[in-house]
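Undergrad: From just these sequences and the hints, can you work out the full model?
Residue-level listing of the chains:
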Amino acid sequence: MFKQRIDQLIWQRHRRILFAIAVVTLLGVLIISLTALHSVVTNNETHQLVDANLIRQWRPYNGGYFSAYSMWLFLAAWLSGLAVMHLDLRDNFNQFLFSSGYSRKRVYWSKLKVTWAVLLLLDVVATAMEYLIYWIGTPHGYTWTIAWPGILTSWVVGLSMSIGLFAISWFAAVIVGQSGPLIATVAGFTISLAGFAGIGGTILTKEPFSLTSDQVMWLSLIVWLIASVILFFWGAALYQHLSLEHNGEYLLFPHLRVPVYIVFVLYVTLLFSWSSDGVSTVVSFVLSALFGYAWLWRPRLGEKWHQWREHNQG
Amino acid sequence: MTLQVTALSKQISGRPIIQDINFEWAPGEIIGLVGRNGVGKTTLFRTMMNHYVPEAGQLTIDGEDVQQTPQLQQQLFFIDTQYNFLSTYRLWELPRFFGTVYPQFDEKRFMALIQRFKLDANSQYRRLSKGMRALVNLILALTSNATYIILDEPFDGLDVIVRENIATMVIDEVADQRKGFLISSHDLNELDGLSDRVLLLKNSQLVHDYNLEEVRARAKKIQLVLNDKVIPDVIKQQGKLIRVSGRVLVVVITDYTPAIDQELKALHPVLFEELPLTLEDLFRANLAHDTGYQMMK
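Chains as they are written, first to last, in this note's numbering: chain U, 1 to 314; chain A, 315 to 611.
A portion of the hints provided could be inaccurate.
What the hints assert, rightly or not - Using 35 Å as the maximum straight-line C-alpha spacing, the simulated DSBU-like pairs for lysine-lysine come out as follows:
1) LYS444/A - LYS432/A
2) LYS534/A - LYS550/A
3) LYS422/A - LYS3/U
4) LYS432/A - LYS422/A
5) LYS113/U - LYS422/A
6) LYS543/A - LYS105/U
7) LYS105/U - LYS206/U
These are calculated hints, taken from the structure and not from any lab test.
TA: Right, here's the structure in full:
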């Protein structure tokens, strides 16, 4: 499947987890597609599985009963980024990779290459399977009509979103060393992006930008892709300096603690106090500052309390 | 061909674990690395293997920096006994990984050794006993055909028979001068008869590099039975008493000269017998104060 030995090594290592992700994705696509075909008949609202007007526009298709690019593919990309980068740390495969005779740079890009080879194949197979189910399974008397503008746009936007989601979980797995907190961090951040996108959209559609919703979407997509590329290269630079004595710590790069703290406090404050009054901003700031401190420094408050009490009593 | 470690230093949480480590290692050598638990033996190995990023120093093979030419790392073999990826894999799966990384990996020999030591190839590594895991690690090390093999406490948990088998295998491997071993241990008896050289790690630093052949050429371990219980001055000054039992003395003299021999014989001992000199005797006699070896026991 892969010609280069380092790619073969990465494939050997991750084929099981990637296969599991692929199976879950395909099952998800199968179930969602069959459910949609069943519910269109049950609901009896329409006889068109695809809205003909929407699918002919150069916009990602977002009608009911059919998704041109399955949501399951977003999940597959997000999970793959997390798994391929984090499992090597958790299972101590990094030790083997770092002494394998391949530079860390090659290891990093090989992991990315192998994972994306599988994800692209999965995208093609899952999409083909979904379309085949609709093509074969469309009930008698119903129509399933697709058109290139809506399909192509959906694929481009869907793939870009997948790349971005992958980049987020991938980068988080480069810098965070604990499984549970990593999932909590990256899930929290990914979900919060919906709120952040909303704020961005509000700013861009108003004066002085006054962009249309289509312009906002394409601009966001470009920013999203640029951010992904930055995360990939930043991750590569950090991976080069990853020293495994920090295995099991929340941050694998202790010098990132203060910058991460500052970004976290600003981001959360902005998210929770946007278009609110000053009191909300202060409360958001204080809470995020306290939570961020507890999360990143993990102060042993109980232990310190006992030490302080013993000291005072002593 | 030579591997050279130069000025290697590593700190963890701001504390120096190894400092300014320098040594050379050539194929054909079996080097023992001794030091008390926690002195930094494993950290040295992990830093040499690029698991840890060092604060300073470098590792070169034939003058080429391993950081600049990562492929050279394939000449080094080390399995971290604490942190390795083998747990979830079955023994028959391991050659796929090691064969991809070590170009000379000998899969046939790997399977033959697995059979020879009556290990089940279908067993998961984590299901094996501590001794069996140590055996698998050694089999992987030998069949990797890497030039420089690092073994971290390889005899820990092994029974005497397996230990002897392993020691024989290691000695056989270096016979053609193509492979070298760096073996860490906190138990000097394990390295006895195996190592040519001993590196001693103390307080994060390599404090001694002994060529055992040279040391042994000068030293003698002697059992004496004297006529009275008074310990003669020559023994007090020139030797180190290993055991005193009534009038029976066992003494190690690290620089045994004809003059000392004459002095001892002039005491007209009832018994004067030369005993085999072990690595532990040497350390106890010569280096105990210097190295903190007595604290290792």
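Undergrad: Evaluate each hint against the coordinates.
TA: Against the structure, the hints:
1. LYS444/A - LYS432/A: Given pair LYS444/A, LYS432/A holds - Cα atoms ~15 Å apart, limit 35 Å.
2. LYS534/A - LYS550/A: 15 Å, holds
3. LYS422/A - LYS3/U: 23 Å, holds
4. LYS432/A - LYS422/A: 15 Å, holds
5. LYS113/U - LYS422/A: 32 Å, holds
6. LYS543/A - LYS105/U: Status violated; Cα separation ~71 Å.
7. LYS105/U - LYS206/U: 43 Å, violated
Checked against the numbered hints given earlier, this structure breaks hints 6 and 7; the rest are met.
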